[in-house]
Amino acid sequence: MSNRVLDVENLTVDIPLATGILHAVDGVNLHVDRGETLCIVGESGCGKSLTSLALMDLLPTKAVRKIEKLELSGTSILGYSEREMSDVRGNKMGMIFQEPMTSLNPAFTIGNQMIETLLRHRNLSNDAARDLAKLMLEKVGITAAEQRLGQYPHQLSGGLRQRVMIAMTLLCEPELIIADEPTTALDVTIQAQILLLLKELQNEFDMGLVLITHDLGVVARIATRVAVMYAGQIVEEGTAKQIFENPLHPYTRGLMRCIPVPGKTKRGAPLGSIPGMVPSLIGDFTGCRFADRCELTSDICRQSDVSLRDPNVKAQAYRCIHGIEMLAKGEVA
Amino acid sequence: MLYYTLKRLGLAGLVALTVSFISFGLLYISSDPAIAMAGETASDADIEAIRQLYGFDRPILVQYFDWLQRAMSGDLGKSYYFRTDVSALIAERLSTTMTLGVSAITFAIVLSVPLGVAAAIRPNSLIDRIALFLSVMGQALPSFWFALMLIVFLSVSLRLLPTSGSDTWQHFIMPTIVLGYYAAPAIMRLTRTGMLEVLSADYIRTARAKGLRPRVVLFKHALRNAVIPVVSLTAVQFGFMLGGSIVVETIFALHGAGFLAWESITRNDLPTVQGLILVFSLFYIVLTFFADLLNAWLDPRIRIN
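Respectively, the protein sequence lines represent chains A and B.
Quick note: the first sequence, position 109, residue 354 per our numbering, numbers continuous.
Quick note: the second sequence, position 22, residue 24 per our numbering, numbers continuous.
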């Protein structure tokens, strides 16, 4: 059996608006293996979150999803009905959201919300489910788990709530976890703890993890592979080492200049930034989407769409018409 | 929960005391009660005699506590008009009003909550349009006109229901529809808005991401949070029905408490008005108290600090 947990081909999400169709996600391919962490990075509005919701089939009703292949551990879940999908969600694939403060229902206890997940997918007695829930809370580092089960979300801090969310997602031991900016809303000190916890649990349960973030520091710590998204497309994809040591796409290179590196970034020197703004994704768009902000732009960049390519077959693909030599000549990070 | 209940109970008691003071004061704001009691033809000596007899010459606080003590033991004085005990008078009329109020609020809830939920699940759908149409109608139709139309249609033309009186349960059908339909729009719109808001909440997305069945997501996770404001509104609507159903009671000749209040006001029958105000206010206070308790049970954030 192959190790591939998630295989997605040509995912597109369109949102019809009064002013035209918003092409929020455009032709995204993704794959994740068991034990692997794929980080999807990109700035706000680049389609990261919609990509993750599309995988769970939890998009807002007005968003239109088109997808050519969607396989979970070798099984296509593409044609699944809502009922069949709900058997998969929380069971084979779980999701952790950005906002721990509002992601738990305020009207029910932690225990209630955890137990209902277990009882939905597993044939267990109430007591057995409660024991499992307690065990899982302990596993995510929550002390006094028994007492926590009886508490309501508003009695817990943000960090604790996110731990509860993680525990809840892990209850049915899914093969794949999608975490959409799980640490963005937390204190910096808590962020590191939660990431470390995710990484540990991923190893323990041998899951595939898709981590969506705009924080490159997070990526550096946790990623096996990285996909960089810009304006609804993946513009570069490769192993974490490749992306950090040898970024190719001008956008990725721009991102890397934005983070300080000890020993490399000079004291007092300004950090990099990427001038300009993300283009509007409403209506048809031809050419490179990064053209307006790129220092290497020439006329041909705008003439036709650019495909994701891997000229050296090193599993590092990028979406730029320029050759590697030309890109390397660009401003060095 | 116990602490919360005691706190609410204490507050309710304070409000009740304030209300009792105000309703006691009504007697003095409007006119000299001795003159009102003695009637138009009484001489000064007669008025003075009544003033002494009823103790209107004593300090006002003494009179208040005296009145309060009697009120608490169920003695609300005698009606100027009927010459009978106000408490007995109110008790007799209240059963009619309560029957009407309970059935009307039940009708309103049964009509509006499911419609509000259905409308919120599919905004701008046919069912949403129908719900909107019904609520605009309910808000816009004057009760008296709607009541008359029902009488014309159901009683006069089809001869299905009695036009007036309160002898059988059939007499209560049309008043229930009119009064309930009047309260329904607000409850329906609030249910719809609350449900729409809750359905877009993060925890609903979480519930779906856990693979819960749509019906569990809707009725367990969403409805419980959406009905919290509806509970408070319904309590107020119910209180209003008990005291403010004068139009409906008059048209259908249901001699309830609302009708009695209207009669007593026109007759300057102050003790009865005073008693009714006290009873209506106490109802409001009790209803609000129970609504608060229900909300605290629904929303743990209220009951656990």
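None of these hints come from the bench; they were simulated from the model.
Keep in mind it's a predicted model, so treat the numbers as computed, not measured.
Any given hint could be a false lead.
To be verified - Chain B stretches covered by chain A per the calculated footprint, using a threshold of three residues with CB under 8 Å from any CB of chain A: (1) 223–235; (2) 289–303.
What the hints assert, rightly or not - Derived DSSO-like pairs: lysine-lysine, alpha-carbon spacing no greater than 27 Å straight-line: (3) A/K337 <-> A/K307; (4) A/K314 <-> A/K337; (5) A/K511 <-> A/K486; (6) A/K337 <-> B/K9; (7) A/K444 <-> A/K337; (8) A/K337 <-> A/K311; (9) A/K314 <-> A/K559; (10) B/K9 <-> A/K307; (11) A/K379 <-> B/K9.
Unchecked claim - So the derived list for chain A, only partly shown, Cβ under 10 Å to chain B, looks like this: (12) P398; (13) I423; (14) V558.
C-beta atoms are modelled at their ideal positions from N, C-alpha and C, and glycine is treated no differently.
Right, here's what the structure says about each hint:
no.: 1; hint: 223–235; in the structure: holds (count 3)
no.: 2; hint: 289–303; in the structure: holds (count 4)
no.: 3; hint: A/K337 <-> A/K307; in the structure: 26 Å, holds
no.: 4; hint: A/K314 <-> A/K337; in the structure: 17 Å, holds
no.: 5; hint: A/K511 <-> A/K486; in the structure: 23 Å, holds
no.: 6; hint: A/K337 <-> B/K9; in the structure: 48 Å, violated
no.: 7; hint: A/K444 <-> A/K337; in the structure: 18 Å, holds
no.: 8; hint: A/K337 <-> A/K311; in the structure: 22 Å, holds
no.: 9; hint: A/K314 <-> A/K559; in the structure: 24 Å, holds
no.: 10; hint: B/K9 <-> A/K307; in the structure: 47 Å, violated
no.: 11; hint: A/K379 <-> B/K9; in the structure: 34 Å, violated
no.: 12; hint: P398; in the structure: 8 Å, holds
no.: 13; hint: I423; in the structure: 9 Å, holds
no.: 14; hint: V558; in the structure: 37 Å, violated
This entry does not satisfy hints 6, 10, 11 and 14, going by the numbered hints stated previously.
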